[in-house]
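2 protein chains.
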Amino acid sequence: MAIYLGIDVGGTTIKIGLVSEKFELLDKTSINTRADSEAPDQITQRMMLSCEKFLAENNLNFMDVLAIGLGAPGTILNKSGMYTFTGNLPFRDYPLREKMRKFYSGQIYFGNDANVAALAENRLGAGQGTANTVMITLGTGLGTGVIINNRIYSGFNEAGVEFGHIVIEIDGEYCTCGRNGCWEAYVSASGLIRQTKAAINDNPDSILAQVAEEQGKVNGETVFLAVDRNCPVADRVFARYAYYIQVGMANLINAFMPEMIIMGGGIGYAGERLINSFKQGALDEAMLFGVPMPDFKTAVLGNDAGILGAAILASDCLADGKVY
Amino acid sequence: MAIYLGIDVGGTTIKIGLVSEKFELLDKTSINTRADSEAPDQITQRMMLSCEKFLAENNLNFMDVLAIGLGAPGTILNKSGMYTFTGNLPFRDYPLREKMRKFYSGQIYFGNDANVAALAENRLGAGQGTANTVMITLGTGLGTGVIINNRIYSGFNEAGVEFGHIVIEIDGEYCTCGRNGCWEAYVSASGLIRQTKAAINDNPDSILAQVAEEQGKVNGETVFLAVDRNCPVADRVFARYAYYIQVGMANLINAFMPEMIIMGGGIGYAGERLINSFKQGALDEAMLFGVPMPDFKTAVLGNDAGILGAAILASDCLADGKVY
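Those sequence lines, one after another, are chains L and W. Using my numbering, count along the first sequence one by one with no gaps and you end on 324. Using my numbering, count along the second sequence one by one with no gaps and you end on 324.
Any given hint might turn out to be false.
Stated by the list, open to error - Stretch-level coverage of chain W by chain L, calculated; a stretch enters the list once three of its residues show a Cβ under 8 Å from a Cβ in chain L:
1) 8-22
2) 125-132
3) 141-154
4) 161-168
5) 281-289
Stated by the list, open to error - Computed cross-link-like contacts, SDA-like style, restricted to lysine to any residue with a CA-CA straight-line distance of at most 25 Å:
6) L/217 <-> L/232
7) W/322 <-> L/323
8) W/102 <-> W/20
9) L/322 <-> W/156
10) L/279 <-> W/283
11) W/197 <-> L/81
12) L/22 <-> L/46
13) W/79 <-> L/129
14) W/99 <-> L/289
15) W/322 <-> W/104
16) L/79 <-> W/129
17) W/322 <-> L/22
18) W/197 <-> L/171
19) L/322 <-> W/149
20) L/79 <-> W/131
21) L/322 <-> W/320
22) L/102 <-> L/81
23) L/297 <-> W/20
24) L/322 <-> W/131
25) W/279 <-> L/171
26) W/279 <-> L/322
27) W/322 <-> L/316
Treat the hints as calculated values from the structure; they're not laboratory data. Owing to the predicted nature of the structure, the values given are computational and were not obtained by experimental measurement. Just so it is clear, CB atoms sit at the ideal spot from N, CA and C, and this is done for glycine as well.
Bound-form chain L, shown alone:
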């Protein structure tokens, strides 16, 4: 039986999936990453042995694997096979492909996690039928994956696309990337929480403040809960937050003119409601004169996007005889 092995490396868990040639997810498992306690060699070895064991549980072995696709955070290079840099894992200038080859001698392909998730949504999810898709993953940060002509686009150095780190407010809020005023600093869950806390601080008697007290904390949901209880302070926070998204989305349209923009990630529960809050404004702001308009959808593949996207990437690279 011929299958792809899709691997999704995260800060907490490493997900492994068996994916058919038609990109059906046949089975999946996961192991702890142990990013804080293990060295790259240990993590890699444990990951590959887990793959072998998982294949065996499915009455398969590495000979059945057409190729391995692996998605991971940070800068992971498909040309050289180097895992160059990431914030949450111990990999630094690490020859990951070479290390994995000790266990599996076939083709191994790498992609940034946001890029492979976008690829999965483009091929199997909310972007199906479109050739140019951008996926925005809103969580603690803001990940972006750009698909052009049904293939991952990552630029000449494989380090893109980092649309979260487009400055929308010169000399604005500090961003974890070191710049000031990045889109991510305003629209990530962290940004929304900061905006919510500031509003609570200025309006301690608001319903918003009361909701936060009931929750025992402020999180990305607080403002939405307070909006549902008709809090005018929360309305203002939400309206401004939606405006930050709108401005960045119009930027994104002017930059890539994608057919479909997909929103996923932890803040995805806001879903359609969030999209409706900025969609028309973003389309009005963008340079769209007498041409088809981009569309917006929420992601549909959820946690499987990473595994599936990694497998699709492996298939694309094998089929085209080149890396993306």
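For chain L, the structure is supplied; the task is to place chain W on it using the hints.
Just chain W now, kept in the frame of chain L:
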């Protein structure tokens, strides 16, 4: 003899060139556009008759033309052949290809002027040898052309790339596109002139003010002339202007990760000096960890870029059997 006809439609003149299959510019001519006095049908007819006459002067006729490539400002669609929208010319939802076909029955291809200029610089100019090139044309406005894998990238609706209309200052300076805070509003010649005038207003006794008085006006050169005369006020204006460019360039890198960024246009006389003022800052700001860095160069093809790029576009479309 087999040649391409490259046409560069501008607000004032229409340039026509005979371009060899190796993209040598064999001969060129130009006619007035008469954008204010003539209707689209008249302009189109005069343009095509001029092509015919120009060919005859070179002992050629339309039978010798492999294809026509035409670059023009605004939204001009290569799929449908429609000239949809532009600010400075009377074309609106105009079936330009159909009208041109009455004079020339071969293949006719269209591109946005900034896109075809970028294509020419990528293939023959400062971007030669790179597959991913972005060209920034700094003039009254800010034009951008993006080349991916040696082909024009204009998005699914052919309306891109409009990187000048990326907001870098939310609710900032008014931009001609209708948004506020676009990169163009800060770094175009118009933006620089506004910044220069404001500084003169605040510092009427400065050398900068004196230079402007000697010039009899403020233009894009004023601040550079005053910097050369050691004016501290001009130094500040220039430093801030360079910072605006830097922020937008880091945005551009994070969005496209191009191998080469080429600067052209009316403000190009500042050339290397301008590039040196922002280059290191832009590279430092961008998300480049352990990967090759984009490079910056000034454009080299000057006014011929439009004609040459239009011919290259025609050749690309013919060779690949599809439009870009």
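Hints the structure fails to honour: 1, 10, 11, 12, 17, 23, 26
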